[in-house]
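Please model the complete structure; the sequences and the hints are all you need to start from.
Quick note, the sequences are listed as chains A and B, same order. Residue numbering for the first sequence follows this note's numbering, beginning at 20 and increasing consecutively. Residue numbering for the second sequence follows this note's numbering, beginning at 46 and increasing consecutively.
One should not assume that every hint holds.
Calculated pairs, EDC-like style, for lysine to aspartate or glutamate (alpha carbon to alpha carbon, straight line, at most 20 Å) [what the hints assert, rightly or not]:
hint: 1; chain 1: A; residue 1: K189; chain 2: A; residue 2: E176
hint: 2; chain 1: A; residue 1: K189; chain 2: B; residue 2: D55
hint: 3; chain 1: B; residue 1: K196; chain 2: B; residue 2: E261
hint: 4; chain 1: A; residue 1: K189; chain 2: A; residue 2: E201
hint: 5; chain 1: A; residue 1: K189; chain 2: A; residue 2: E162
hint: 6; chain 1: A; residue 1: K189; chain 2: B; residue 2: E241
hint: 7; chain 1: A; residue 1: K189; chain 2: A; residue 2: D158
hint: 8; chain 1: B; residue 1: K196; chain 2: A; residue 2: E115
So the derived list for chain B, only partly shown, Cβ under 7 Å to chain A, looks like this [what the hints assert, rightly or not]:
hint: 9; residue: S59
hint: 10; residue: R67
hint: 11; residue: L95
hint: 12; residue: S97
hint: 13; residue: L98
hint: 14; residue: A103
hint: 15; residue: V105
hint: 16; residue: V111
hint: 17; residue: V232
hint: 18; residue: P234
hint: 19; residue: Q247
Hints listed in this document are in silico derivations from the structure and should not be mistaken for laboratory results. Quick reminder that beta carbons are idealized off the backbone N, C-alpha and C, glycines included.
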Amino acid sequence: MINPVAPPPDELAALLGRCARGDTEALAALYRAVSPLVLGSLLRILRRRALAEEALQDVFVQVWQRAVQFDEYRGRALAWIVSIARYRAIDILRRERAESVDPFVLAESIGADESAAEETPQLMGADASLERCLAALTDSQRESIRLAYLAGKSHQEIAATLDRPLGSVKSWIRRGLISLRECLEACSTPTPS
Amino acid sequence: MQHTDPELIDRLASEYVLGTLRGAARTRFSRWIAEDAAVARAVRRWEDRLCSLSSEVASVAPDERVWRAILARTAAAPIASAPIAAAAPPAPRRPRRWRAFALAASVAVLAVAGWLAIRGLPDTTPWQSAAELRPEAGAPVAWRIEFDAAKRELRSAAQHPLPTPASGAHELWALRAGNAPPVSLGVLPAAGARTEALSPVQLAALAAATRLAVSEEPAGGSPTGLPTGRVVLVAPLAPLRFSS
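What follows is the structure, given as structure tokens:
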């Protein structure tokens with residue numbers, strides 16, 4: 020597995036600055052750099068490739084439109100983009116779940132797209148401080164937070180997945196987040212390897 | 046209310062970023078972020094803290110057509126007129142085409158639309174909706190729009206349609222609140238009826254739509270994905286109700 024060198028974070032910010040001036044070449048470079056990570060995150064939450072790719076479109080249109088808001092992403096371009104993507108995915112989930120449960124879609128979503136995942140350059144290296152902080156949590160806290168962040172699951176869905184009471188899940192998440200707050204540093208910068 | 050309590054702000058921010066703050070609370074909190082800089086800062090700190098969790102995600106290369114679609118949409122959708130930080134270089138302001146569109150829409154002749162939520166039997170279609178588009182109140186129905194959530198289809202039927210414009214066709218749009226750009230719901234038939242399958246983006250837009258609009262576009266629909274021609278009709282829309 021070859022890990023090409025990812026662009027440094029200030030390069031992402033510089034690309035966003037050029038987007039703010041209407042430079043579509045910069046948007047293309049940004050897209051090349053971060054779209055595999057963004058699609059991976061969207062797919063983990065939305066499960067369906069078509070839905071995740073539609074969301075990916077929305078995310079980059081938003082990034083383009085909001086790139087002038089320099090104060091929002093200064094020093095944290097990747098965290099900013101990842102957040103836009105996760106909020107978009109959660110919004111789509113909320114709307115999807117408001118709709119009828121369609122057995123066909125359910126069948127399609129079970130285990131779907133995992134095979135479609137192909138390894139592409141990793142933008143984010145594993146973060147030692149994150150691993151250390153997660154290790155300090157209880158198993159229940161860690162699993163609840165991972166299910167919420169990575170899979171976009173609600174309190175209720177986490178309770179169902181883990182087969183534990185809703186109140187316990189809420190309390191694990193609350194306490195887990197407080198522990199992480201003390202421990203976690205800002206989003207790791209991409210590490211060339 | 047303890048809304049200025051930093052501990053409460055931090056707790057809500059953490060669950061907002063994590064994604065476990067849901068429903069009306071999430072909607073309210075996102076408004077609060079926009080209004081209160083301290084809240085926005087708390088959210089950013091949590092975005093930074095939790096972002097590292099994404100390093101677990103396996104990257105997936107998107108299909109080539111996704112980039113083409115983004116390029117088409119960004120070429121058509123100019124940069125938002127957002128506040129610019131002092132440190133940021135000034136951005137050229139191109140007119141926001143959909144803003145102009147929304148403005149045109151608001152002064153266009155208002156149509157009367159009835160958006161009917163019909164409760165279905167529990168084991169059949171969960172709900173269906175219909176809207177009647179009229180060029181003005183009391184006028185005959187130009188198009189009747191029916192939405193079938195179960196089949197994810199939109200059916201548009203010409204009843205007393207407006208004359209086909211010189212540009213080529215009429216296109217139907219879902220307008221959402223705020224700055225969200227219109228989403229095309231397809232070209233309206235000049236005669237007869239047309240049924241189209243809706244994409245997830247169209248479904249989401251329709252679910253969030255506050256108004257429907259009709260614009261004059263080239264045959265086959267707007268080439269840019271956003272309205273380009275004159276708005277001939279706007280119909281307010283009650284929020285869709287999802288019956289269970």
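Checked hints:
{"no.": "1", "hint": "K189/A to E176/A", "verdict": "holds (11 Å)"}
{"no.": "2", "hint": "K189/A to D55/B", "verdict": "holds (16 Å)"}
{"no.": "3", "hint": "K196/B to E261/B", "verdict": "violated (28 Å)"}
{"no.": "4", "hint": "K189/A to E201/A", "verdict": "holds (19 Å)"}
{"no.": "5", "hint": "K189/A to E162/A", "verdict": "holds (12 Å)"}
{"no.": "6", "hint": "K189/A to E241/B", "verdict": "violated (42 Å)"}
{"no.": "7", "hint": "K189/A to D158/A", "verdict": "holds (14 Å)"}
{"no.": "8", "hint": "K196/B to E115/A", "verdict": "holds (14 Å)"}
{"no.": "9", "hint": "S59", "verdict": "holds (4 Å)"}
{"no.": "10", "hint": "R67", "verdict": "holds (5 Å)"}
{"no.": "11", "hint": "L95", "verdict": "holds (6 Å)"}
{"no.": "12", "hint": "S97", "verdict": "holds (4 Å)"}
{"no.": "13", "hint": "L98", "verdict": "holds (5 Å)"}
{"no.": "14", "hint": "A103", "verdict": "holds (5 Å)"}
{"no.": "15", "hint": "V105", "verdict": "holds (5 Å)"}
{"no.": "16", "hint": "V111", "verdict": "holds (5 Å)"}
{"no.": "17", "hint": "V232", "verdict": "violated (20 Å)"}
{"no.": "18", "hint": "P234", "verdict": "violated (26 Å)"}
{"no.": "19", "hint": "Q247", "verdict": "violated (10 Å)"}
The earlier numbered hints that this structure contradicts are 3, 6, 17, 18, 19.
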